[in-house]
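**Q** One letter stands for each residue in the lines below.
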Amino acid sequence: MKLTMWTYEGPPHVGAMRVAASMKGVHYVLHAPQGDTYADLLFTMIERRQSRPPVTYTTFQARDLSGSTADIFKSACQEAVLRFKPEALLVGSSCTAELLQDDPGGLSRTLDISVPVVPLELPSYQKKETWGAAETFYRLVRSFAGHGQRATDIAPNSCNILGPTSLGFRNRDDITEIVALLKGIGIDIRVVAPLGASPIDLSRLPDAAFNIVLYPEIADVTARWLQKTYGMPFVSTVPIGVGATRQFLADVRQMAGLEASDHGDASLGGTDRLTWYTKSVDSNYLTNKRVFIFGDATHAIAAARIASRELGFKVCGLGTYMREFARDVRAAALEYGVEPLISDDHLEVEQAIIDARPELVLGTQMERHIAKRLRVPCAVISSPVHVQDFPARYSPQMGFEGANVIFDSWVHPLMMGLEEHLLSMFRDDFEFHDNASASHLHADGAAPAALSVVASTSASTVADLVEDASWTSDAEKELKKIPFFVRGKARRNTEAFAADRGINPITVETLYDAKAHFAR
Amino acid sequence: MNQTSPTPCAPVATIRQRGQHEVFCGLTSIIWLHRKMQDAFFLVVGSRTCAHLIQSAAGVMIFSEPRFATAIMEERDLAGMADMHDELDGVVEKLLQRRPDIRMLVLVGSCPSEVIKLDLQRAAERLNHRLAPKHRVISYSGSGIETTFTQGEDNFLAALVADNAANSAQDKACDLVIAGCLADVVEDQFSRLLTAMGVENFCFLPGRQSDGVPRIGPKTRYILAQPYLGATAAALEALGATRINAIFPLGEEGTTEWLRAIAQSFGVSETLFDTVTSGPRQRARQAISHYRPMLEGRSVFLFPDSQLEPSLARYLCREAGAEIIEIGSPYLHREHVAGEFALLPVGVSVSEGQDVEVQIDRCRAANPDLIVCGMGLANPFEAEGRVTKWSIEFAFTPIQGYEQAGDLAELFARPLMRNAILAEGSRSFGGGRP
Ligand code: SF4
Ligand code: SF4
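Line by line, the protein sequences give chains C and R. Here the first sequence is numbered in full-length UniProt numbering, starting from 1 and rising by one per residue. Here the second sequence is numbered in full-length UniProt numbering, starting from 1 and rising by one per residue.
Derived from the structure by calculation, the hints contain no laboratory data. This list has only true hints and no planted wrong ones.
Straight-line distance between alpha carbons at most 30 Å, and here's what the computed DSS-like set of lysine-lysine pairs gives: (1) Lys2/C <-> Lys117/R; (2) Lys515/C <-> Lys289/C; (3) Lys36/R <-> Lys2/C; (4) Lys289/C <-> Lys279/C; (5) Lys117/R <-> Lys74/C; (6) Lys117/R <-> Lys127/C; (7) Lys477/C <-> Lys515/C; (8) Lys228/C <-> Lys183/C; (9) Lys372/C <-> Lys481/C; (10) Lys481/C <-> Lys314/C; (11) Lys127/C <-> Lys2/C; (12) Lys489/C <-> Lys515/C; (13) Lys127/C <-> Lys94/R; (14) Lys183/C <-> Lys24/C; (15) Lys94/R <-> Lys372/C; (16) Lys24/C <-> Lys85/C; (17) Lys117/R <-> Lys94/R; (18) Lys36/R <-> Lys372/C; (19) Lys372/C <-> Lys489/C; (20) Lys289/C <-> Lys489/C; (21) Lys279/C <-> Lys314/C; (22) Lys24/C <-> Lys74/C; (23) Lys94/R <-> Lys36/R; (24) Lys481/C <-> Lys515/C; (25) Lys289/C <-> Lys372/C; (26) Lys94/R <-> Lys2/C; (27) Lys2/C <-> Lys134/R.
Partial selection, computed: residues in chain R whose CB lies under 8 Å from chain C: (28) Leu27; (29) Gln55; (30) Cys111; (31) Glu146.
No residue lacks a Cβ here, since even glycine has one placed at the ideal position from N, Cα and C.
Hey, can you work out the whole structure from these sequences and the hints?
**A** In structure tokens form, the structure reads like this:
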């Protein structure tokens with residue numbers, strides 16, 4: 001038994017729903033009690049989907065447990081097929097039905113259903129949402145692409161894109177971006193799946209020369225199976241960030257037997273602005289900003305690479321909630337010299353953030369809330385996400401445009417460079433009193449209240465959480481002379497410094513010792 | 001106002017439905033229960049699905065460290081590799097280490113814990129042995145196989161009452177128990193009105209603190225502030241309390257009749273009653289009248305959600321002049337809602353339980369001006385060009401009492417206003433839209 005306040009992932013059948021909801025012509029009959037229908041709102045509210053996800057819940061009750069739950073399942077299947085006329089039916093159990101052992105797969109076989117039925121076995125007490133999505137996609141592909149011969153005259157530039165799903169972080173826009181990019185270099189994209197694909201499309205997967213795995217958490221298993229079964233190779237570079245996008249294009253070209261390109265990629269469905277923007281002088285203030293990164297493995301690893309290599313930040317923490325991909329994250333953490341954090345306990349993540357004293361947090365919806373409480377700027381880079389992470393505007397993460405979007409969305413919560421200097425220069429001016437915040441941020445502090453500008457409320461700041469250090473009144477006065485937008489950091493650093501060395505109270509001396517210690 | 005005059009005993013034409021239910025389970029009520037009772041912690045013993053449900057229904061992570069959590073059962077628990085009761089004790093210990101301030105620990109049963117017949121009552125007794133009086137432990141079921149949405153609150157209150165019979169911290173029995181979670185602001189308003197009428201020694205169930213649960217005696221009378229409290233009513237009656245019958249305090253009429261039932265039961269004179277209520281009644285009517293033009297004559301279809309539907313329909317029909325097409329409710333406690341139906345037009349369509357696909361068909365065919373439904377259905381209806389109101393707001397927003405009567409109207413009117421504004425906006429460019 002495990003004590004859980006908030007979870008990063010839902011149960012595995014929610015992953016199956018994501019795949020069903022991504023596809024056309026698939027319906028999912030889920031043996032589950034009524035409360036499990038909450039999952040619909042993930043799609044209709046969070047993702048603002050215009051139709052209900054294609055799921056029928058049997059919604060059995062306690063009084064059915066004495067024997068009729070199997071019948072309820074059977075009639076739900078029959079009615080779903082009649083009403084929705086799917087091309088394929090997924091059947092499976094939620095956590096409760098798994099305990100009943102009704103065996104949806106076996107029951108459905110007794111029904112003489114006119115469409116292919118794909119039974120799902122998703123062990124709810126062992127596995128989670130993403131695993132459930134990957135398994136469902138794999139089962140569907142095996143069922144539909146598992147027979148028949150592969151053609152012999154396959155064009156080498158033909159490929160499939162695997163992995164995007166409903167509720168995936170910015171998947172909708174990533175696909176648009178990547179498809180345009182690939183078309184630009186002459187790639188023939190046959191099937192994108194599961195998002196937007198039908199079961200028939202899945203049966204055409206082996207007709208392409210190779211696969212591209214955009215989201216390994218979802219599609220890695222399937223790509224490996226296609227490789228083993230049909231000898232289809234796959235590209236696994238995830239094109240998030242400028243460098244990775246270039247690498248991705250090079251890998252695809254090579255796999256498609258196309259010439260390597262020596263004249264930049266500027267002409268290819270997107271312009272890289274990130275590179276110049278980070279080089280421009282205003283970005284000087286980004287240098288070595290401490291960034292804490294947490295999310296699914298793919299987005300977290302990509303974020304760390306962009307942060308350190310493309311933006312000049314300093315990675316001060318890296319982790320994932322996905323144990324399945326822990327190895328990759330560990331390897332990446334080693335590269336940046338930080339301790340990897342593999343955990344799905346958000347309280348542990350919170351503690352790690354407090355300990356790392358970041359100036360920017362890149363995480364999920366959970367870390368957004370943690371950062372808000374700690375008054376550290378934050379940008380969301382990975383699922384789980386909330387309604388505001390399905391923005392109306394086009395905002396991919398992948399490709400060159402994705403890199404531009406990332407530059408904006410990570411840098412925006414921070415104070416602008418020139419502004420920092422101006423504020424410091426005019427700090428005694430009445431308009432630049434301590435409560436003024438950066439001009440592009442909302443004045444009420446509801447927006448990322450960077451740098452403890454609004455430290456007057458009762459909510460805890462990083463400083464409070466680190467240590468209840470006491471300050472001599474001289475030191476407190478000296479601290480006030482430091483520009484307010486860096487004062488929060490100065491306080492945090494000094495207190496951490498004092499705590500490490502058992503110094504109490506903090507004097508003017510300690511303040512400057514700490515400043516010297518943290519100088520960079 | 002609707003033309004059909006209410007008949008005293010309007011026969012309820014009930015459509016009974018057995019099919020897919022699209023309603024939250026009882027665990028959902030933890031979201032408001034834990035806000036209400038400030039020293040209680042709700043520990044669901046269930047699966048990852050249960051944890052995900054509460055978090056999704058609450059909007060991911062709105063509280064930093066909430067006073068609810070899930071003890072997620074794992075493979076080794078089910079395979080018998082670990083003793084469930086030992087495991088649970090371990091989780092509780094961990095929890096109380098983190099939150100020693102918790103006075104009442106509530107173990108909440110879920111579908112999985114019930115299917116495997118994990119006896120949480122026994123667990124609570126055992127834990128009490130160790131933890132009482134510092135922490136009191138009780139249990140109830142919020143499972144989806146036993147309860148829908150608001151019935152979780154019903155089971156919680158019933159458990160509180162039963163526990164309290166043995167362990168009340170109050171020494172004096174309460175004369176009047178007002179049962180059902182109300183927002184603090186609503187409680188305060190009712191308190192002022194009752195006090196002004198000279199009704200004393202009343203208490204709210206649940207209280208704001210776990211030791212504030214009223215003692216029930218044979219002279220105790222109780223009134224329900226919420227319509228979904230069948231088990232709570234039974235628990236109160238088992239201790240000798242008697243029910244004051246009334247419709248529910250929604251709208252000016254509902255609030256007046258509800259207060260009047262109390263007043264009559266406690267011998268408050270009509271003159272005093274009128275003196276105390278006439279000001280607020282006037283205000284309530286005035287507030288509603290502001291929105292009435294937007295609701296009058298509009299047809300409304302209510303999907304089942306909180307069991308408040310009959311009361312909402314009565315309010316909509318009698319105070320806002322709307323026409324009711326169908327009142328869906330996950331469950332009807334016929335005795336408790338009889339007063340509501342008596343005030344509704346004869347022949348209004350009522351459905352109990354749900355077969356969601358069939359009900360959606362009926363709704364589309366009726367083409368109502370406003371659909372009151374859950375979050376899973378709302379956007380898909382909006383995408384069809386229909387106007388919806390999310391029903392969950394009726395559980396999360398203060399709507400009871402005089403001062404909220406106008407707010408309640410506004411909740412229904414807002415989507416209609418919004419729709420009108422947007423329609424006007426798109427027209428003003430003279431077909432400029434593609
Ligand atoms: S319906 Fe049952 S299994 Fe589902 S969330 Fe509710 S209690 Fe948990
Ligand atoms: S903001 Fe989130 S929690 Fe709030 S209603 Fe919308 S989807 Fe639900």
